[in-house]
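A.B. asks: Construct the complete structure from the given sequences, taking the supplied hints into account.
Protein chains in written order, with this note's numbering: chain R, 1 to 343; chain U, 1 to 418.
Note that these hints are calculated values from the structure, not bench results. Just so you know, not all the hints are guaranteed correct.
Covered stretches of chain R (chain U as the covering partner; in silico rule of three or more C-beta atoms under 8 Å from a C-beta of chain U) [claimed, not checked]:
{"no.": "1", "region": "121-129"}
{"no.": "2", "region": "254-266"}
{"no.": "3", "region": "315-322"}
Treat the numbers as computed from the prediction; the structure is a model and nothing was measured. Note that beta-carbon positions come from the ideal geometry of N, C-alpha and C, so glycine has one too.
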Amino acid sequence: MTFLIQQTLLYAVPLMIVALAGVFSERSGIINLALEGIMIFGAFIGVLFVYLMQGAEWVLAAKDANSYFTLQMIELAAMLAAALLGAAFSLLLSFASINLRADQTIGGTALNLLAPALVLFLVRIITNQNKLQMVTGDAASWFMVKKSMFGYGRTEKMGFLGSTFVDKTYIATYICILLFVVLSIILYKTRFGLRLRSCGENPQAADSLGINVYRMRYTGTTISGALAGLGGFVYALTTANCTANGDVAGFGFLALAVMIFGNWNPLSIAGASLLFGLFKCIAAGYSSIDINGDGVYMLAEIGVSPHLYRMLPYLITLLVLAFTSKSSRAPKAEGIPYDKSTR
Amino acid sequence: MNRKEPFLQRETTRSVIASLISIIFGLVFGAVVILVVALSSKDLGLASAWEGIRLVFCGIFSTGRDAAGALSWGFNGQNIGNMLFRAMPLIMTGLSVAMAYKTGLFNIGAPGQYLIGTLVSLTIALGIPSGALPKALVWLLAFCGAILAGAVWGAIPGLLKAFLNINEVIACIMTNWIAANFVTWMFADSNFKNVVENTKSSYIYKTTYGLVDGQYVSGAGIATPKLGLDKLFPGSQVNGGILIAILLAVCVYIMMEKTTFGYELKACGSNRHAARYAGISDRLNIMLSMAIAGGLAAAGAALYWLSGNTEFFWSTYQSLPGIGFNGIPVAMLAVCNPIGVIFTALFMSMLDISGLQLTNLTAYNEYITNVIIAVIVYLSAFSLVIKLWLAKRLKPKDGGGNVNAELAPGEKKGGKGA
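C.D. replies: This is the structure we're talking about:
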């Protein structure tokens, strides 16, 4: 059970935060098809930050001295760097689609092409191979929160809650969840959030009430870029052992699906990404999942092909969409460039 | 199009010029990136940057390095042949995306359709015992089977869109990954895995292998006829498939631009409700246009894998084929014109070859060409701005009163269709 919950969270959290990134930009009226590209870029920036930090003497000394605080701070700084550069990268999309009124689908596609190409080009020049990884050690030994940090011995038990939500987790996971909650509240319960959403529904009316639509849309896509960059690094850190290879296994597109699946609504998105994460987790570890702890690996013993399990998350999404899509409602003005003169 | 219009005033001309400007900017950007990398690295100097830049612009004519170590240039049949070979599947996936885009659908499902085409064409080609049927017939069966399967696969998102109002982008993304897992599953349980040659069991047999008495024997299978193109471009992989791809592009052009059917498809794309009001079945048309798009992408896969000199890495469930995704930039750069797709696909595969030369001959790598393509697509996104600027520049000095009147519809087209 502990394994199931932890693994589900690992897959669900990047999806959740990137889907929220999609919400922010689409609610402001810009279709952000570039989530995948921004994730790839953010993952690269975060890993590069860790890579560069590992070249510094004091960082290595901190690692040798088991200074957990310093290491966690480095993780946070890498997350911040990924978010900042992700936001900067997304400006390319904002500029094309807000100022130049370009086709947002094509602009997003271009960013999706640009990110892996640029990342692989640089990674190849930096490391002479197709993968950027940590100089020494791995993500688990450097950044994972372990029970030993709280004074527990190797054989001591932390209890169910402790071993599920504290031992062998990443602080990044919880920061993402916190951010998710805070940003959802901002989007739905504050004046700023209402203004942002109004630009995605009826920008002409919003403009007539004195809201600067261009600025709101820039804000929306920039927050979106920051969250997607952050999500990309969290994905790379927690599921890809802190490596960047110009690929996030389609998670950006999946986040887009989760966003539509969750009807552009944070609560539904959280549910949808947990569901998706659960099936992803079953697909990855179905043979070692022991649900009720009686030593019987039920899923492995049914004898279904592992390929079917891997297909399940996508099949389930399609099925659920088929039943819920009638009530789905996208922001009305998304994808339409705002032109002040047509007010 | 009004034939009496001066050449420079035509919508098509402006689109072509806008695309060319994007291409030039993209190449220049690539050159700048190389220069920046060269200047910021202590191992690379200006001389190497100059070599890299020359290879980016005309790597297709590179013939390697001469005895003195300098880059040498000339006609390189292998490069040009391989360019044609790589353009072949790109034309098809580009057509698939372009055709769907013209009918108002964003077909991001080309990778999945391509994979299904791969599965079916290889299964038919390798599954029919050698000698049971004439080779030409086996080839044709594999080709048509792939198209049919791709059409069915492509129709799924169309169906979901038409009847359940599911966004086709989402449905396509899901079907892509379902296809990737499904194809891996099918091949994992098949006996098409190459066990004859050592260390190749993660690949499927080339189609030149044929089933003789339960054993796969090299040379007993099928391959696309070369049609003498191998004589023209010695040492390359090119075959007659490129001609089929071009032919299909022309067919799609005729279908979209010259038939009632194509008109109905486009009408549904520009306004589904208006089309229904005019008596066109919008649901049927959405399904049909996704089915055709799927068939085209699958045809690209069939042409590529039936060549006889390509091997499929079957454990593909963790990644989707790049050729499928590259159909998107090919289509966008061509402003979704089927004839334009031929040229943009050729251009993209030319950049591909240049990239390989760059990797082989210099310290830079092939990914710079992908950066260039991305920049070009990015610029083509605001072709509207470029076209407006062009219209201003190209306006005749006097008597240009009707230029603005002419621009109005073009403007709209640029905004929505470009």
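A.B. asks: Confirm or reject each hint.
C.D. replies: Results of checking the hints against the structure:
no.: 1; hint: 121-129; verdict: holds (count 3)
no.: 2; hint: 254-266; verdict: holds (count 5)
no.: 3; hint: 315-322; verdict: holds (count 5)
In terms of the numbered hints stated before, the structure departs from none.
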